[in-house]
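J.: The chain contents come next:
2 protein chains.
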Amino acid sequence: MAKAAPVSPLAPKSFPDCPPVEGVRFSTAEAGIRYKGRTDVMLALLDKGTQVAGVFTKSKCPSAPVDWCRAKLAGGKARALVVNSGNANAFTGKNGVSSTKLTAQLAAKATGAPSGEIFLASTGVIGEPLDASKFEGVLGGLVESASPAGLLEAARAIMTTDTFPKVATATCEIGGVEVRINGMAKGAGMIAPDMATMLSFIFTDAPIAADALQAMLSKSVAGSFNSITVDSDTSTSDTLLLFATGAAAKRGAPKIEAASDRRLASFKKALDGLLLDLAQQVVRDGEGCRKFVEIRVEGAASAAAAKRIGLSIANSPLVKTAIAGEDANWGRVVAAVGKAGEKADRDRLAIWFGDFRVAHKGLRDLSYDEAKVSDYMRGEKIDLRVDVGVGASSWTVWTCDLTKEYIAINGDYRS
Amino acid sequence: MAKAAPVSPLAPKSFPDCPPVEGVRFSTAEAGIRYKGRTDVMLALLDKGTQVAGVFTKSKCPSAPVDWCRAKLAGGKARALVVNSGNANAFTGKNGVSSTKLTAQLAAKATGAPSGEIFLASTGVIGEPLDASKFEGVLGGLVESASPAGLLEAARAIMTTDTFPKVATATCEIGGVEVRINGMAKGAGMIAPDMATMLSFIFTDAPIAADALQAMLSKSVAGSFNSITVDSDTSTSDTLLLFATGAAAKRGAPKIEAASDRRLASFKKALDGLLLDLAQQVVRDGEGCRKFVEIRVEGAASAAAAKRIGLSIANSPLVKTAIAGEDANWGRVVAAVGKAGEKADRDRLAIWFGDFRVAHKGLRDLSYDEAKVSDYMRGEKIDLRVDVGVGASSWTVWTCDLTKEYIAINGDYRS
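First to last, the sequence lines map onto chains X and A.
Each residue of the first sequence is one higher than the one before, starting from 1 at the first, in the numbering used here.
Each residue of the second sequence is one higher than the one before, starting from 1 at the first, in the numbering used here.
Do not take every clue at face value.
In this list, chains with the same sequence are indistinguishable; a pair is considered to hold if it fits within one copy or across any two.
Said to hold, decoys possible - Taking lysine-lysine and the DSBU-like style, the derived pairs with C-alpha atoms no more than 35 Å apart in a straight line are: (1) Lys58 x Lys343; (2) Lys361 x Lys109; (3) Lys269 x Lys250; (4) Lys343 x Lys48; (5) Lys343 x Lys94; (6) Lys361 x Lys94; (7) Lys404 x Lys372; (8) Lys101 x Lys361; (9) Lys48 x Lys219; (10) Lys343 x Lys219; (11) Lys269 x Lys219; (12) Lys36 x Lys361; (13) Lys58 x Lys361; (14) Lys361 x Lys134; (15) Lys58 x Lys219; (16) Lys381 x Lys404; (17) Lys94 x Lys381; (18) Lys36 x Lys404; (19) Lys48 x Lys77.
Worth flagging that the hints you see were computed from the coordinates, not collected in a lab.
So that you can see chain X by itself, here it is in the shape it has in the complex (with noise of 0.2 Å):
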């Protein structure tokens, strides 16, 4: 691990009020699997009844935690979440899979639930062994001083390169009953998410079954965490849980079975919005950044084709030094453009920074104030529009800049 980091210049500025959702209750302890005077385990404890979906990385190396997740989420219901930091668990073979199931184990001694319902997640150095026994002497404790309020401190704990937890919370209407959600995430390098960031857990109190959550929460994720790259580099961790204590029932919100429900269509929103916010998040964090970016596709072929666009431009090392170097370098932006390999016209390609239209049909718009543009490119925040001239599509993604310090976190991790 790097020498601990200054907060991200990107970070927010201050921590989101969020209000407990029912039925979930939190707490973390220093296990020292790897770090050392701070939090590295996170415990979630879920009531009975919990409904859960999930997604997950798309990489054909997946860790063992992502495995269990993956076979138990067959069956629909969750009790606790257990998630560490410090080691990912991935590649880590047969012992990983032991480990995997030893946590669990312990995890459904200490609450009494089936160990079929507990759910697991690591996160931290790749290919190193995770020693389970070293959540037997914590699990107990984390069971007694679990407590609603406990968000913020969870999210901490979930933490490796990040330099500040993610929150967020949302509320919305199912049935014209209040119902919450609040979610947490970690990541700030090896993002570039293939379904998932890192590790992002949600948690409502709605009444929603297990198959409307995984339908809602599998298209949410497309423009959220799926749009989002710090540094091209797909985790072998990526997870996505979303956990329905269903606490909301007993304030009179309707039980909801399938996701065409219409009585979804606020909750709906709320989730997207949030996912959004955590995703964003992620890339605020991304290691060593200074700027964030956003970056907008249009006139494509298809949603599809603006996306792969968007993150061709958003991956490119040569775009991505040039923000860092507040250089307003259009020309790297249409050699990224022309080599996502996806229908654009050099002709009519129009690129814009903020509202500064740099290029258009083909060439540089030489009416653009480059005073103007230098000092647009000082600011924090980087708006990069890009018409592709060949139709009606657009898709929008986020990344950060690539500077040294990317370099020097990830120089000497490790090590």
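With the hints as your guide, set chain A onto chain X.
T.: Chain A alone, transformed into the frame defined by chain X:
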């Protein structure tokens, strides 16, 4: 342009002696396109009857000279090559088209050759208009001063962020007659050739027809220029041209019409070796590089899968920064294998750094000596081998590490 950088530590210790290829003459000049106090234009004059083949970037936003060369290649004949550095003439719209046309006309006038047999390439900043009239003042002198011995100086004139000129030479035989191949390349950043590197020009006196040259070149590039990457950014300007003057026919070399001709065996081998040499020199000048990395993927389902996995590893910022940090971080290699999307058996994966197997059967190889591996990682050449455990196919790719210097070079290139 960034401040002049010191020569790459991975540069070859000396330049090879490249005896002239009969029928080719070079000259260089200072046209003042962008740089001051250095050459920025090179002319290669080719004897009548020279055959030509070429491969170009697959970018959807190719430069104007790429469009020009593609169109002229159909004729199969070449009389001159004009290359400038400092400006890529890419994303320059109609100005770019007229600029290439004017350059060819000026070169045609100066050389007495038809403008359709003039080949062009430009490298440097993207998105700035290229003032082709600057060639007018120098082309006459270039024709006059052209000399068979000017290969190295020509290679120097086409450099941008390159820290050393890249040349190579080989001899082989056709029908028992010795023929020569000389080549040059430039490139240091924006290197992820999707069919050639930024610019490379190969000259031979072998009497081979354009169609046969084209078939051999397209094949040879797969394992050389198309198997290297510095930063995953494919250029708008990638151009590789192969010129055959046929002068060896005077010494009795047989004229070859078809790539399938068995008498080409020696030539093909020499061409493959020469392209690989130049491609590796480009990697050895990768912006900010300190380590030359050879990545061999074995046990893949197909050669294409092995190549895709290899490039996924080679383009991973986390693998590249780990190597810069002299850390044998196999966990990041696993993540890069996983994100490639190709079949891999996580639990049969094996990874070697040099001769040290650091992981096998899906987990860390406990037998390896960490001190010895650390010592190996301090070397300048790193061999990384991965067996993905699903088949019998393999591929090799080459890259360099990712350092803070890359960020420094690219954070202020244009400004």
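J.: If a hint holds in the structure, say so; if it does not, say that too.
T.: Tested hints:
For the homomeric pair Lys58 and Lys343, the shortest alpha-carbon distances inside one copy (26 Å) and between copies (12 Å) are both at most 35 Å. Proximity of Lys361 and Lys109 under a CA criterion of 35 Å is satisfied inter-copy only: 32 Å between copies versus 66 Å inside one chain copy. Taking identical chains as interchangeable, the C-alpha atoms of Lys269 and Lys250 lie at most 35 Å apart only when both belong to the same chain, with a minimum of 23 Å there against 78 Å between chains. With identical chains, the CA atoms of Lys343 and Lys48 are never at most 35 Å apart, being 51 Å at best within one copy and 39 Å at best between copies.
For the identical chains of this complex, Lys343 and Lys94 are inter-copy neighbours only, at 20 Å across copies versus 45 Å inside a copy, given an alpha-carbon limit of 35 Å. For a Cα distance limit of 35 Å, the shortest separation of Lys361 from Lys94 across copies, 9 Å, qualifies, whereas the shortest one inside one copy, 57 Å, does not. Taking the shortest Cα distances, Lys404 and Lys372 sit within 35 Å of each other both inside one copy (26 Å) and across copies (29 Å). When the C-alpha separation of Lys101 and Lys361 is checked against a cutoff of 35 Å, the pair qualifies only between copies, where the shortest distance is 20 Å, while the shortest distance within a copy is 59 Å.
Within a single copy, Lys48 and Lys219 get their C-alpha atoms as close as 26 Å, which meets the 35 Å cut-off; across copies the closest is 63 Å, which misses it. For a Cα distance limit of 35 Å, the shortest separation of Lys343 from Lys219 qualifies both inside one copy, at 25 Å, and across copies, at 26 Å. For the homomeric pair Lys269 and Lys219, the shortest alpha-carbon distance inside one copy (12 Å) is at most 35 Å, but the shortest distance between copies (53 Å) is not. For the identical chains of this complex, Lys36 and Lys361 are inter-copy neighbours only, at 31 Å across copies versus 57 Å inside a copy, given an alpha-carbon limit of 35 Å.
Proximity of Lys58 to Lys361 under the C-alpha cut-off of 35 Å is restricted to the inter-copy arrangement: shortest distance 21 Å between copies versus 38 Å within a copy. In this assembly of identical chains, Lys361 and Lys134 lie within 35 Å of each other by CA distance solely across copies; the values are 25 Å between and 62 Å within a copy. In this homomeric assembly, Lys58 and Lys219 come within 35 Å of each other (Cα to Cα) both inside a single copy, at 16 Å, and across copies, at 33 Å. Proximity of Lys381 and Lys404 under a CA criterion of 35 Å is satisfied in both settings, with 19 Å inside one chain copy and 23 Å between copies.
Taking CA atoms no more than 35 Å apart as the test, Lys94 paired with Lys381 passes between copies only; the shortest distance there is 33 Å, against 45 Å inside one copy. Taking the shortest alpha-carbon separations for Lys36 and Lys404, both the intra-copy value of 27 Å and the inter-copy value of 29 Å come in at or below 35 Å. Taking the shortest alpha-carbon separations for Lys48 and Lys77, only the intra-copy value of 9 Å comes in at or below 35 Å, while the best inter-copy value is 79 Å.
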